[in-house]
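Using the sequences and the accompanying hints, generate a full structural model.
Line order of the protein sequences matches chains R and E. Using my numbering, the first residue of the first sequence is number 1, and each one after it goes up by one. Using my numbering, the first residue of the second sequence is number 1, and each one after it goes up by one.
These are computed hints drawn from the structure, not numbers from a lab. Heads up, some of the hints might be wrong.
To be verified - Think about it this way: if two alpha-carbon atoms lie no more than 25 Å apart in a straight line, the pair counts; the simulated DSS-like pairs of lysine-lysine are: (1) E/Lys-88 with R/Lys-91; (2) E/Lys-122 with E/Lys-88; (3) E/Lys-92 with R/Lys-91; (4) R/Lys-269 with R/Lys-290; (5) R/Lys-164 with R/Lys-204; (6) E/Lys-37 with E/Lys-198.
To be verified - Computed beta-carbon distance windows for the label pairs: (7) E/Ile-385 with R/Glu-224: 29 to 35 Å; (8) R/Gln-227 with E/Gly-444: 30 to 36 Å; (9) E/Trp-420 with R/Ser-342: 36 to 42 Å; (10) R/Asn-309 with E/Glu-440: 44 to 50 Å; (11) E/Lys-92 with R/Pro-14: 31 to 37 Å; (12) R/Gln-227 with E/Asp-437: 33 to 39 Å; (13) R/Glu-224 with E/Thr-32: 53 to 59 Å; (14) R/Ala-111 with E/Glu-171: 41 to 47 Å; (15) E/Ile-385 with R/Glu-122: 52 to 58 Å; (16) E/Pro-424 with R/Glu-19: 54 to 60 Å; (17) R/Ser-221 with E/Glu-118: 32 to 38 Å.
Predicted, not measured: the structure shown is a model, and the values here were computed from it. Where is the CB? At the ideal position from N, CA and C, for every residue including glycine.
Read off the chains here:
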Amino acid sequence: MSRLNNMSSRILQPSQLRENWTATISDHVIDLAWSPDGKYIAAASVLGPVTIFEGHRRAVIHAFEGHEFGTMSIAWRPDGKVLASAGQDGKIRLWDMASGEATHSLDGGAAWVEHISWSGGEKPILASAAGRKLKLWNVVGELVREYPDHQSTISGLQWKPRVKQLASITYGGVMLWDPQQSEALNRMEWQGSSLVIAWSPDGKHIATGDQDSTVHFWIMSTGEDLQMTGYPTKVREVSWDATSRYLATGGGQDVTVWDCSGRGPAGTKPITLSGHQDFLSVVRFQHRGKLLASGCADGLVYVWQLRGNLRSRTVHEAALTTGVTNLVWSPNDQYIAVGDESGGVSVFSIS
Amino acid sequence: MNTTMLNNQVPVTVLTGFLGSGKTTLLNRILTENHGKRIAVIENEFGEIGVDNDLVIGAEEEIFEMNNGCICCTVRGDLIRILGNLMKRRDKFDYIMVETTGLADPGPVAQTFFMDTEMQEKLQLDSVTTVVDAKHIWQHIDDSDEAREQIAFADVILLNKIDLVTETELEQLEARIRGMNGAAKIYRTKNAVVEMDKILNVGGFDLDRAMEVDPQFMEPEYPFEWAGVYNLSESAHELVLQEGPDPTMKVALAPVNESTDEALEAAVEPVVMVFSDNEHELSAGGTLQPGGQLIALNLTADELRFDVQIDRPGAYALFTEHHPDEFQAQLFGSGALVKPVVEREFKPDHEHDDEVTSVGITTPGDLDPDRLNDWISDLLRTKGIDIFRMKGILSIKGEPNRFVFQGVHMLFDGRPDRPWDGEPRCNSLIFIGRNLDRAELTEGFEACLA
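Given below as structure tokens:
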């Protein structure tokens, strides 16, 4: 009996993630993004500078100055040749990877540009959100559309996977936009404030994490919504798995995973992954694989294997010295880049 | 040393007041007099005077009401976004000032620091400071909910522009404000000149100091407005009144030891109890007797004369619900006017008909934590909308340390404070809000004593 116990505990013990390299940027890592080919990692500091590292070794390729007063977010153009950044100087900048220079400085329309998102497909479009202002830009930085002001500050933006349709969230609900039209395609109203948006990869659902400690599922075919309650704090962490079956959410110390297969998630009991000792800052499924990574203010990164409520477990872990602020899987799902509160950027191998 | 420094949270002062009250003048004074401190300013209003600081962030007031419709869940989205971002910087600020618009409701601003976990973790609401234009506030105090709520929510109130009003006007204003908010520290200022330690790092929890500044701040309101002590002989007496503003008036006549202030004072508390009893109505022509009865004089007859029966000569205190002048009430003995030897006016509990008032409770002894918890939970659930602020220092049974707390509407934040040591264990708390029932609150609280 005791031998069996020993064996099973040895099997269940998570392995340490192998650290490939680690570096430090000027301050709190506010955003982190792998280039689409996985060669580079871009890391933005809350103070402004954006650093481009090589993905596989500790080498700085470019040090962009970013934005005065602070950078808010970054996004790679799908061809990987340009990185877009948005900041508290009201600007969107396009940084050319070949020359290392900013080729464009675009006016977002308010004091802070908080969100940017590139569409996929031919001739990608960059959407930017500054205050209530939503603007669309083409690959060469020309303004293609400026929408009438939203009713309240835009708190998130995301293009529908593989389709040129954009969703924006505000206090008041979700809005859908077609870049060819100046009017909203649809408004899904709800009195509350959404903080983060995630389309399911199949485009059938939009999930939002909300200020009032709930998660919303918007069912795109019917426009109906489901509200999931019971979170201890506001929810800023949401991530779909590749099959669109599972939605992982934060909103406290535990990772909560909703199963959307069958009739779910309505009326189902979610999978709860416990272990973190402080508030979660990020949850992220692999792009194609089934592993789920979580990062927390306690400085720990856990990689979970999902097998129902009883058999889900941590398979890998890593400990940082300060709180995790962001975490992203490499395009091939083999590496995790992690940013922390004191500017640490680390890349771990999963195998 | 205050709590904000111990737990590494950055203190925040919320500055409210109508446009033109002197908010920006005060803000500029704070910024210039605090050299070496990194102060971030969040401004919702760009007034006629600019703010002289590198770290001014303009924000558009954005109120997030929640789907459940509960006003206590209403927070300020703009503040969460801006402060959340500021607190990510390693080179953190020493202090944050949030200047609201003159028409801002202070509720959502204050609630932001309790409702949002991120804000609660990193920031500490130090005080709500309200600047009042002593000359022009009268235009707003009666018909503006915002003006009244800014006063009610305040921990510190600056009566500014005192050079534009007379001393009497100031006293009236201060009494009016004190009636609405019994816990705020009030300072009179000209050009918003005030010592910085009265504005910054005051610590919302520092009730001790509030009580030092104004020992009357817990003074209760009374169910009567006036009392007089008469020396009465064994002869026939008569209380004669004229028609007045009310159809009835409650009175109580109580024997006292002697006709002195001390003897009157000693009678106050027992008579407060008498005034909480059921009243006995007495029509004109009836007889009023000294003793522990609450009498409601019916004042609807043509001739308002009541006999007063005195069996033993001595000093008697007459307590009246309204001031006797309102009814030209006079006492006669053997046809001659009898004047009170000692008299006193009391702060009535209906002084200005202000719906916004404070209720202070001070009780020695230890509290039963379970009963206290149940009572507070129930109170906040049912009355939270009307309770703007709540603060207190409590003595919990078995706990060596004082327990200090403050709340905004239904939100509550409490923690152990310094030890009691030799100090007498005592509970002090104050509620500021709309339509508060003093008797019910006091009774509910006292039922929590262990």
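Hint by hint, here is what the structure shows:
For the hint pairing E/Lys-88 with R/Lys-91, the CA-to-CA distance comes to about 20 Å; that is within 25 Å, so the pair holds. Simply put, E/Lys-122 and E/Lys-88 have alpha-carbon atoms about 10 Å apart, close enough for the 25 Å limit, and the pair holds. About 24 Å separates the Cα atoms of E/Lys-92 and R/Lys-91, which keeps this hinted pair within 25 Å; it holds. Straight-line distance between C-alpha atoms of R/Lys-269 and R/Lys-290 comes to about 20 Å, which keeps the hinted pair within the 25 Å bound.
For the hint pairing R/Lys-164 with R/Lys-204, the CA-to-CA distance comes to about 15 Å; that is within 25 Å, so the pair holds. With a CA separation close to 17 Å, the supplied pair E/Lys-37 and E/Lys-198 stays within the 25 Å bound. At about 32 Å, the beta-carbon gap between E/Ile-385 and R/Glu-224 stays in the expected band of 29 to 35 Å. Taking the beta carbon of each, R/Gln-227 and E/Gly-444 are about 35 Å apart, inside 30 to 36 Å as hinted.
Restraint check, E/Trp-420 to R/Ser-342: a C-beta distance of roughly 40 Å satisfies the suggested window 36 to 42 Å. About 47 Å separates the C-beta atoms of R/Asn-309 and E/Glu-440, a value consistent with the hinted range of 44 to 50 Å. Checked against the given bound of 31 to 37 Å, the beta carbons of E/Lys-92 and R/Pro-14, roughly 34 Å apart, stay inside it. Our hint of 33 to 39 Å for R/Gln-227 and E/Asp-437 holds, since their Cβ atoms are close to 36 Å apart.
Under the hint 53 to 59 Å, the C-beta atoms of R/Glu-224 and E/Thr-32, about 57 Å apart, fit the expected range. Between R/Ala-111 and E/Glu-171 the beta carbon distance is about 45 Å. The supplied range of 41 to 47 Å therefore holds. In this structure the hint that E/Ile-385 and R/Glu-122 lie 52 to 58 Å apart at CB holds, the actual value being about 55 Å. Our hint of 54 to 60 Å for E/Pro-424 and R/Glu-19 holds, since their Cβ atoms are close to 59 Å apart.
About 35 Å separates the C-beta atoms of R/Ser-221 and E/Glu-118, a value consistent with the hinted range of 32 to 38 Å.
Checked against the numbered hints given earlier, the structure satisfies every one of them.
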